[in-house]
Amino acid sequence: MIVDKLEQSLRPPETNMPPYPPKYITLASGEKMVVHQASREDVPRLLEAVRPLVTVEKDFYDIVAARLYAELLAYQRYRVKDEYVLVGTIDGVIVGIVNGRMVDDKVGMSYHTVAIKRGLRIGAQLFAAKMEYHMDYLGQQEVLIVAESPIGYRRWMIEYELESRPSTWHELGGVPTHVLTKALWEKHKPMKCTGRRPVPPEMLEVAKKLILPSEYPQIPGFKR
Amino acid sequence: MRKVGIAGVGHTKFGRSEVSLVDMLALAALEALDDAGIRTGRRHGVDQVFVASMGAGILNRQSSVASALVDTLNLQPAMAETVENGPASGASAVKLGYMAIASGMCDVALVVGGELMRVVTGWEATDFVATMLHPDAEYAYGLTLPAFAGMFTRLYMDKYGVTEKDLAMVAVKNHEHAMHNPVAHIQLVPSFHAIIEDEDAPVINPYVAEPLRVYDVCPVSDGAAAVVLCAMDLADRFRKKPVRIAGIGQATDTHVVAEREVPTDLLAVRLAAQRAYAMAGLKPEDIDVAELHDAFTILEIAISEEAGLFPKGEGHLAVRRGETRVGGRIPINTSGGLKAKGHPLGATGVSQIVELVRQLRGEAGGRQVEGARHGLAVNFGGFGNNVVATILSKEE
Chain Y
44 MIVDKLEQSL RPPETNMPPY PPKYITLASG EKMVVHQASR EDVPRLLEAV
94 RPLVTVEKDF YDIVAARLYA ELLAYQRYRV KDEYVLVGTI DGVIVGIVNG
144 RMVDDKVGMS YHTVAIKRGL RIGAQLFAAK MEYHMDYLGQ QEVLIVAESP
194 IGYRRWMIEY ELESRPSTWH ELGGVPTHVL TKALWEKHKP MKCTGRRPVP
244 PEMLEVAKKL ILPSEYPQIP GFKR
Chain L
132 MRKVGIAGVG HTKFGRSEVS LVDMLALAAL EALDDAGIRT GRRHGVDQVF
182 VASMGAGILN RQSSVASALV DTLNLQPAMA ETVENGPASG ASAVKLGYMA
232 IASGMCDVAL VVGGELMRVV TGWEATDFVA TMLHPDAEYA YGLTLPAFAG
282 MFTRLYMDKY GVTEKDLAMV AVKNHEHAMH NPVAHIQLVP SFHAIIEDED
332 APVINPYVAE PLRVYDVCPV SDGAAAVVLC AMDLADRFRK KPVRIAGIGQ
382 ATDTHVVAER EVPTDLLAVR LAAQRAYAMA GLKPEDIDVA ELHDAFTILE
432 IAISEEAGLF PKGEGHLAVR RGETRVGGRI PINTSGGLKA KGHPLGATGV
482 SQIVELVRQL RGEAGGRQVE GARHGLAVNF GGFGNNVVAT ILSKEE
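As you go down the protein sequences, you meet chains Y and L in turn. All residue numbers for the first sequence refer to our numbering, where the first residue is 44 and numbers rise by one. All residue numbers for the second sequence refer to our numbering, where the first residue is 132 and numbers rise by one.
Everything labelled a hint here was simulated from the structure, so no lab data went into it. Computed from a predicted model, the values in this text were never measured in an experiment. Please note that a few of the clues may not be correct.
Just a few of them, taken from the derived set where beta-carbon distance is under 10 Å, the chain L residues facing chain Y [what the hints assert, rightly or not]:
hint: 1; residue: Met288
hint: 2; residue: Val334
hint: 3; residue: Ile335
Below, computed lysine-lysine pairings styled on DSS-like, alpha-carbon distance capped at 30 Å [to be verified]:
hint: 4; chain 1: Y; residue 1: Lys225; chain 2: Y; residue 2: Lys66
hint: 5; chain 1: Y; residue 1: Lys266; chain 2: Y; residue 2: Lys101
hint: 6; chain 1: Y; residue 1: Lys251; chain 2: Y; residue 2: Lys235
hint: 7; chain 1: Y; residue 1: Lys66; chain 2: L; residue 2: Lys134
hint: 8; chain 1: Y; residue 1: Lys230; chain 2: L; residue 2: Lys296
hint: 9; chain 1: L; residue 1: Lys371; chain 2: L; residue 2: Lys525
hint: 10; chain 1: L; residue 1: Lys414; chain 2: L; residue 2: Lys134
hint: 11; chain 1: L; residue 1: Lys144; chain 2: Y; residue 2: Lys266
hint: 12; chain 1: Y; residue 1: Lys149; chain 2: Y; residue 2: Lys66
hint: 13; chain 1: Y; residue 1: Lys266; chain 2: Y; residue 2: Lys149
hint: 14; chain 1: Y; residue 1: Lys235; chain 2: L; residue 2: Lys296
hint: 15; chain 1: Y; residue 1: Lys225; chain 2: Y; residue 2: Lys124
hint: 16; chain 1: Y; residue 1: Lys232; chain 2: L; residue 2: Lys144
hint: 17; chain 1: Y; residue 1: Lys66; chain 2: Y; residue 2: Lys252
hint: 18; chain 1: Y; residue 1: Lys230; chain 2: Y; residue 2: Lys66
hint: 19; chain 1: L; residue 1: Lys144; chain 2: Y; residue 2: Lys101
hint: 20; chain 1: Y; residue 1: Lys149; chain 2: Y; residue 2: Lys124
hint: 21; chain 1: Y; residue 1: Lys225; chain 2: Y; residue 2: Lys235
The C-beta atom is built at its ideal place from N, Cα and C for all residues, glycine as well.
Produce the entire structure from the sequences given, and follow the hints as far as they go.
Right, here's the structure in full:
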């Protein structure tokens with residue numbers, strides 16, 4: 044892609060981020076969820092997966108989906124510094140998406156967690172994968188986190204016993220900033236984060252197909 | 132005493148309600164009235180309404196729910212009372228309805244149980260449920276029902292050899308049953324391997340109160356269930372042949388669980404069941420289908436033993452042999468039980484009876500127990516300190 048001068052000046056500088064190594068998790072249903080990092084080329088597919096949720100008021104899906112949609116666009120078009128996207132798939136079907144970014148070498152910022160398939164703690168597992176990326180692969184010391192929904196507040200702020208730090212700025216609204224510190228991560232990781240590596244090549248190949256969900260439990264009667 | 136039967140049943144989808152408590156109760160009630168062939172309004176013929184709810188006052192800041200329901204359904208001037216007996220409120224309300232008709236005071240009684248619990252967080256709901264424990268000896272020390280169930284399970288494991296795998300078998304069975312029950316809260320069958328054997332199991336099915344894991348504990352649910360009780364001598368008035376209430380037994384035990392002589396015994400269950408069998412003139416071996424209060428998987432096993440369906444300490448062996456699933460010798464919790472159908476506290480006792488009526492009528496679809504004639508329900512209040520057992524029989 045030829046980047047002209049104006050476009051170049053609009054793009055934030057990029058940090059060389061080590062990739063998130065894919066893993067797979069056996070869910071309660073027995074299904075295997077593969078978690079892998081999405082590329083910019085994957086974004087149009089992910090936008091398609093998120094779009095139906097933008098009008099779902101229940102459980103704040105609309106706010107979270109709309110913001111994630113914008114963040115995915117911003118990632119694809121180089122308008123956010125050091126953003127990443129992780130996606131969860133079952134048999135290649137997109138079941139959840141999480142994203143965040145590096146603020147600097149030591150501090151990360153969690154953006155959003157969307158679980159499309161529900162009842163299997165997919166959101167919790169993808170959030171844990173996101174924290175795993177910040178702490179164990181990007182080598183960061185802290186992750187700044189906010190929540191827009193009561194579910195998010197319970198799952199992150201309460202279950203991870205996040206440190207409240209309202210004086211610290213976060214790019215999103217909702218609950219004032221909370222922080223996952225390295226110590227809190229080490230404390231909760233054994234009970235929150237799981238999965239196996241490496242992902243068998245054939246399983247990973249299927250995961251990368253990023254098949255759009257044919258149904259959304261949040262939208263009864265949805266037809267694609 | 133007059134014989135009493137059940138002429139109509141109704142049940143909302145358990146899970147999260149989109150309507151208010153009273154509207155939810157009304158939906159279940161209207162379905163039951165319609166099932167019985169009763170119209171609301173003038174000459175409705177309902178003499179008495181009982182509403183079972185444990186938490187309306189605390190969770191929903193609403194009292195006198197029965198009066199509100201009568202007004203909503205236009206059932207004036209029916210008598211109306213709200214009944215609270217912890218998680219056994221539903222069966223208690225059915226018992227009171229039975230007594231009202233058996234005594235001759237009424238001909239027809241509507242019994243509705245319901246709870247709107249998901250207005251609070253899971254932690255708040257757990258704390259609310261714990262208010263039924265002894266305030267000084269138990270609640271003040273932070274004890275909760277999952278904590279009690281965890282300790283009870285540990286004792287049961289040590290004494291009788293119950294394993295975590297046995298508990299997971301109960302969970303999987305009840306989730307499988309729930310897949311055939313359209314009103315069940317959870318429509319998902321966990322994989323036995325995934326929740327207990329897989330290396331990811333400690334995270335995807337974590338301990339809640341060791342040795343109990345997430346899949347050993349019922350969900351927090353909203354929901355309502357209703358039955359129309361009638362005098363059997365008036366059976367011809369109704370659309371369907373009433374299912375007879377053959378026996379009811381109730382018993383209490385110490386409030387403080389630590390004061391029980393043998394902490395693995397559930398004496399109130401044993402006594403309540405014995406009283407119900409005696410009243411019905413039946414024995415445990417006559418029971419074809421049972422709905423037992425599995426708020427925790429261990430309770431299904433323990434209650435099945437205390438109710439005489441299996442020898443003490445052998446309930447888990449029956450689970451291993453597949454005797455408690457549909458198609459087995461004595462299917463238990465065909466509705467999915469509290470574990471998978473859900474446990475809106477005040478609704479549960481009524482919901483159990485709705486399931487038995489459907490089984491005895493042959494209306495249970497994919498979970499039908501063929502040829503079922505007698506059904507047992509055990510509704511468990513407190514940590515076993517107030518228990519109601521009900522036996523229904525199909526009239527030939």
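Give me the numbers of the hints this structure contradicts, sorted from smallest to largest.
When the structure is compared with the hints, numbers 1, 7, 13, 16 turn out to be violated.
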